[in-house]
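Trainee: Sequence order for the protein chains is A and B. Heads up: the first sequence runs through residues 4 to 120, numbered per this note's numbering. Heads up: the second sequence runs through residues 156 to 267, numbered per this note's numbering.
Worth double-checking, as some hints may not be accurate.
Stated by the list, open to error - In the BS3-like style, the derived pairs of lysine-lysine whose C-alpha atoms are separated by at most 27 Å in a straight line are:
1) K192(B) to K44(A)
2) K67(A) to K196(B)
3) K23(A) to K195(B)
4) K212(B) to K67(A)
5) K248(B) to K223(B)
6) K211(B) to K223(B)
7) K248(B) to K44(A)
8) K196(B) to K69(A)
9) K195(B) to K44(A)
10) K23(A) to K196(B)
Claimed, not checked - The following label-pair restraints were derived from C-beta to C-beta distances:
11) L225(B) to K44(A): 22 to 32 Å
12) P11(A) to E156(B): 26 to 36 Å
13) T264(B) to F31(A): 30 to 40 Å
14) K44(A) to N266(B): 17 to 27 Å
15) E66(A) to F200(B): 24 to 34 Å
16) P89(A) to K212(B): 42 to 52 Å
17) E90(A) to S162(B): 28 to 38 Å
18) S86(A) to N266(B): 40 to 50 Å
19) R13(A) to N177(B): 11 to 21 Å
20) G171(B) to V120(A): 41 to 51 Å
21) G171(B) to S21(A): 47 to 57 Å
What the hints assert, rightly or not - Facing chain A, a subset of chain B residues (Cβ under 8 Å, in silico):
22) A197
23) P198
24) I228
25) R254
26) G258
27) E259
28) G260
No wet-lab data here; the hints were simulated from the structure. Glycine residues also receive a C-beta, built at the ideal position from the N, C-alpha and C atoms.
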Amino acid sequence: GAVVSQHPSRVICKSGTSVKIECRSLDFQATTMFWYRQFPKQSLMLMATSNEGSKATYEQGVEKDKFLINHASLTLSTLTVTSAHPEDSSFYICSATRYGTVNTEAFFGQGTRLTVV
Amino acid sequence: EDKVVQSPLSLVVHEGDTVTLNCSYEVTNFRSLLWYKQEKKAPTFLFMLTSSGIEKKSGRLSSILDKKELFSILNITATQTGDSAIYLCAVEKETSGSRLTFGEGTQLTVNP
Chain A
4 GAVVSQHPSR VICKSGTSVK IECRSLDFQA TTMFWYRQFP KQSLMLMATS NEGSKATYEQ
64 GVEKDKFLIN HASLTLSTLT VTSAHPEDSS FYICSATRYG TVNTEAFFGQ GTRLTVV
Chain B
156 EDKVVQSPLS LVVHEGDTVT LNCSYEVTNF RSLLWYKQEK KAPTFLFMLT SSGIEKKSGR
216 LSSILDKKEL FSILNITATQ TGDSAIYLCA VEKETSGSRL TFGEGTQLTV NP
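Pulled out of the complex, with its shape left as it was, chain A reads as follows (with noise of 0.2 Å):
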């Protein structure tokens, strides 16, 4: 299957700095990727859409000045927290598309795993 890479998987930060996500798709191009937030005993909720080239589509009540999204290439989508607090802290997961001629298949990171103290 194809694969997809999230970096860090884990990071710690202090309150009021910024953190930078990567997620990239090693084996296939992805011009559409989500970003996922799922805190502790919760399902997987998705932050925004992003699609390479353009503005980041995000879902209703996600601050997109709190968390920045690029999508530069057909590879690699970031997330950036900007001034992160300790709400902030979560577990992230990106997932970028494969189309394919039968199916179109959704491949995940491995997620990260972020501490704001």
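Chain B: place on chain A using the hints.
Mentor: Leaving out everything else, chain B in the frame of chain A:
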């Protein structure tokens, strides 16, 4: 508003038991329903269902979709401790290009 509801939210069984996990949905422009298994990190893909009544099977796991009643079930037979995980159901819409709406998940614990 699109909705995906899973039940039960939590389930504890003994090794060897058979379990059935449920997923119902209300979405416009339905395209497919997907099942994922999530252990400690990212979800791993189990099944994609697009047609009603066709069972998909992989080892001890199987799943089927009912597009008339808008639900799917995931069956696991002869459960093992390694099956312990969160099982997530997600729905994809025709126009969404793999933008998934997830249910709350079912936390399955299989005790020895």
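Trainee: Give a verdict on every hint.
Mentor: Do the hints match the structure? See the list:
At most 27 Å may separate the alpha-carbon atoms for a hinted pair to count; K192(B) and K44(A) meet this at roughly 14 Å. A C-alpha spacing of about 25 Å is found between K67(A) and K196(B), which places the hinted pair at or below 27 Å, so the restraint holds. Restraint check: the Cα-Cα separation between K23(A) and K195(B) comes to about 22 Å, which is no more than 27 Å; the hinted pair holds. About 41 Å separates the Cα atoms of K212(B) and K67(A), which puts this hinted pair outside 27 Å; it is violated.
At roughly 16 Å between alpha-carbon atoms, K248(B) and K223(B) fall within 27 Å of each other, so this suggested pair holds. Between K211(B) and K223(B), the direct Cα distance comes to roughly 18 Å. Compliance with the 27 Å bound is thereby established for this hinted pair. Restraint check for K248(B) and K44(A): satisfied, since their Cα atoms lie roughly 25 Å apart, inside the 27 Å limit. The hinted pair formed by K196(B) and K69(A) meets the criterion: a straight-line CA distance of about 24 Å does not exceed 27 Å.
Between the alpha carbons of K195(B) and K44(A) the distance comes to roughly 11 Å, so the proposed pair stays at or under 27 Å and holds. A C-alpha spacing of about 19 Å is found between K23(A) and K196(B), which places the hinted pair at or below 27 Å, so the restraint holds. A C-beta distance of roughly 26 Å is found between L225(B) and K44(A), which places it inside the suggested range of 22 to 32 Å. For P11(A) and E156(B), the hinted distance range of 26 to 36 Å is satisfied, since their beta carbons lie about 34 Å from each other.
Between T264(B) and F31(A) the C-beta distance comes to about 35 Å, which sits within the given range of 30 to 40 Å. Taking the beta carbon of each, K44(A) and N266(B) are about 19 Å apart, inside 17 to 27 Å as hinted. Checking the proposed 24 to 34 Å range against E66(A) and F200(B) shows it holds: the Cβ atoms sit about 30 Å from each other. Between P89(A) and K212(B) the beta carbon distance is about 45 Å. The supplied range of 42 to 52 Å therefore holds.
Distance hint for E90(A) and S162(B): a CB-CB separation of about 29 Å, consistent with the stated range 28 to 38 Å. A hinted range of 40 to 50 Å holds for the C-beta pair S86(A) and N266(B), which are about 44 Å apart. Restraint check, R13(A) to N177(B): a C-beta distance of roughly 33 Å breaks the suggested window 11 to 21 Å. Hint check: G171(B) to V120(A), Cβ distance near 44 Å, so the stated range 41 to 51 Å holds.
Remark: the range hint 47 to 57 Å for G171(B) to S21(A) is upheld by a beta-carbon distance near 50 Å. Of the supplied interface hints, the one on A197(B) holds, with its beta-carbon coming within about 4 Å of a beta-carbon of chain A, less than 8 Å. The interface hint given for P198(B) is met, as the beta carbon of that residue sits about 5 Å from the closest beta carbon of chain A, less than 8 Å. Nearest Cβ of chain A to the Cβ of I228(B): about 18 Å, over the 8 Å cut. The hint is violated.
Evaluation of the R254(B) hint against chain A yields a held restraint, the C-beta minimum of about 6 Å falling below 8 Å. Nearest Cβ of chain A to the Cβ of G258(B): about 6 Å, under the 8 Å cut. The hint holds. Nearest Cβ of chain A to the Cβ of E259(B): about 5 Å, under the 8 Å cut. The hint holds. Because the closest C-beta pair between G260(B) and chain A is about 5 Å apart, less than 8 Å, the hint holds.
Checked against the numbered hints given earlier, this structure breaks hints 4, 19, 24; the rest are met.
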